[in-house]
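Q: Here's the letter readout for the chains.
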Amino acid sequence: MSFLQVTNLSARIKGSDHRLLRGVSLTVEAGEVRGLVGESGAGKSMIGKAILGILPRAIEITGGSILLNGTELLTLSPAERRRLIGASTALIPQDPLTALNPSRRIGPQITDRLVDILGWSRSAADARATELLDEVQITDPTRVLRAYPHELSGGMRQRILIASAFAAEPKLIIADEPTTALDVTVQKQILKLIATMQARHGTALLFVTHDLGVVAKVCQKISVLYGGLVVEDTTAEAYFTGPAHAYSRALLAATPKYTNPEASLLPIPDAVIAAVQADVDAYDRRVP
Amino acid sequence: MQLLRAILQRLLTTAITLIGVAVIVFVVVRVVPGNPIAMMLPPGATDEDIARLTAQYGLDKTIPEQFLIWARGVLHGDFGTSITARQPVLDLVLGRLPATLELSLMALVIAVILGGIAALTGTRKRDTLTEAGIDITNGMALSIPDFLWGLLLILAFGVLVPIFHISGRVTPSLELPFTTDFYLVESLVRLRFDLWLDIVSHMFLPALALAIPLAAIIGQLLKQSLKETMHLDYVTLARTKGYGENHVILREALPNAILPTLTLVGVQFTFLIGGTVIIERLFSYEGLGNMAIDAVINRDLPLIQGIVILFAVIFTAVNLVVDLLYAVLNPRLRHG
Ligand SMILES: Nc1ncnc2c1ncn2[C@@H]1O[C@H](COP(=O)(O)OP(=O)(O)OP(=O)(O)O)[C@@H](O)[C@H]1O
Ligand SMILES: [Mg+2]
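For the protein sequence lines, the chains are E and S, in the order given. So the first sequence is residues 1 to 288, counted in the numbering used here. So the second sequence is residues 289 to 624, counted in the numbering used here.
None of these hints come from the bench; they were simulated from the model. Quick caveat, the model's predicted, so the values are computed rather than measured. Backbone N, C-alpha and C fix where the C-beta goes; we use that ideal spot for every residue, glycine too. Warning: the hint list may mix true and false statements.
Pairwise CB distance ranges (calculated) [as the list claims (entries may be wrong)]: (1) E:A127 to S:S489: 51 to 59 Å; (2) E:V115 to S:L617: 20 to 28 Å; (3) S:L617 to E:K14: 34 to 42 Å.
Starting from the given sequences, assemble the full structure and let the hints guide the process.
A: Printed below as a string of structure tokens:
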């Protein structure tokens, strides 16, 4: 059984018929990396938030199921769900500048989950934090652990957030565009770091990104999302040799060299958009 | 080094401010009509008597001359002699200061507690009827000034349901073993809880009257900034770690949300101290404010000057404390 199994997940803005997720299904096997791609507004972050239980209050889940290691998340009590999420998953957020609390030192922001949620001793958690900073190639862990976020660069902070995500040896990590907010030069290092850490720890990873170059480098599976609808779910290999859906093909064509970040800004042909929008409309007719 | 310069700069501006206040008060109390000497003498006093006393208090000299004499005295710790009480102004003022300080601080504590509870509850229950209720209560608290709250509280808890004292600082018949004028503090230190209760029961209503508007301001502003902070990424990240709402509000959001409130509380607290003047009068509370009103009625020029200067010193001190607190609470400034 898959470690994460999302089935037919739908969500909309509360009190309206504005759909954000249209029957999304995807799986992430233990130790596997799945890329979640699609243009801005497709609902990629919504899926991650729905899994982690951090959807904005204005958004409600209207159907479907999220199984984490066989446990249905959507029917758990909020407290049980929080505990399970805290103990077995982690988030690598998009913007390292806003994801660390400016008034707290770095050390406790890495160790708090270990101590408060998982019941580690403080000394064990501190030792673990030092070890992790070593692992994400921060050279002076003692200073950094005592520092406040504003004393560190964006790249450093993202390394810290990665360390923090791996701290409790989660079984699943959701990375929501973890390199988008960084300098181009730093992006590659951070991506490589995430890939290395993932491989070493054998963590399942749901990798949300715009960048097909990233997908080519780190993912084994790919889900393509448009308008909250999964238009393609395939292996990376199959995707890059010849995706089935016209929209996926257009995405790929817009990225001739996987490494060229500007290429993803190329427009998708209108005909393709019309085709994929027709899929969305068909779904809306089928599912009232 | 940088810190030292900042402190020196601060002391310099403070000194200039105080001198400015002194000059203004000095001039204003002398140009408004009303002769303090004539007012203190019995109706049958002769012009000679008046002239003699006027000279004795130095009031026959020009205003600049008087100011220089007064300023020289102040530099030696002599603020002159009260015309009505015939005692050194400094002794009178310092004797009343503790009563006003205790009252203001009690009001501040009440305001922070009430406002804090309102803000935290409102954030916890945001977008519900509870939050709407808190907003409405805050609005009502703000639309009535402190002295009217004082009157309402006197009617409600002094007359209708008389559970608190509404006049004075302590029941006059009680034996007070105190060596300082900090009754509230000293009664606690001496473990005289009977006296402490009596004092609190006298202070509570005036303190509450002063506190209500400030509590509403704290509640409103802190709730606003808490709610904004609750959307930030680090709060969301904390939720994914397994933390619940209460923890997230108190440990992740509050320390950051409190900073803008703190600055405002500093300013508002000086207004609150200003409010003691009328509130003390209303509750016949023997503090500086009550004394200030008597001093003005009697045209007791040296006493008025002393009180105003003292208020100015207190206000400056409050602002200084707020700035220091801000620096302590904000890591960005601490290391900046
Ligand atoms: N708080 C919110 N309230 C209402 N609608 C929202 C809210 N947040 C996002 N949405 C809407 O949900 C849809 C999906 O947003 P989502 O953030 O998942 O997109 P995304 O695929 O992650 O895009 P991006 O690549 O820009 O991050 C968008 O149409 C967005 O407008
Ligand atoms: Mg997103």
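Q: Now, for every hint given, state plainly whether the structure supports it.
A: Now the hints, each set against the structure:
Checked against the hint of 51 to 59 Å, the pair A127 of chain E and S489 of chain S passes, with Cβ atoms roughly 55 Å apart. Between V115 of chain E and L617 of chain S the C-beta distance comes to about 24 Å, which sits within the given range of 20 to 28 Å. Separation of L617 of chain S from K14 of chain E is about 36 Å and conforms to the stated range, judged on CB atoms against 34 to 42 Å.
When the structure is compared with the earlier hints, no violation turns up for any of them.
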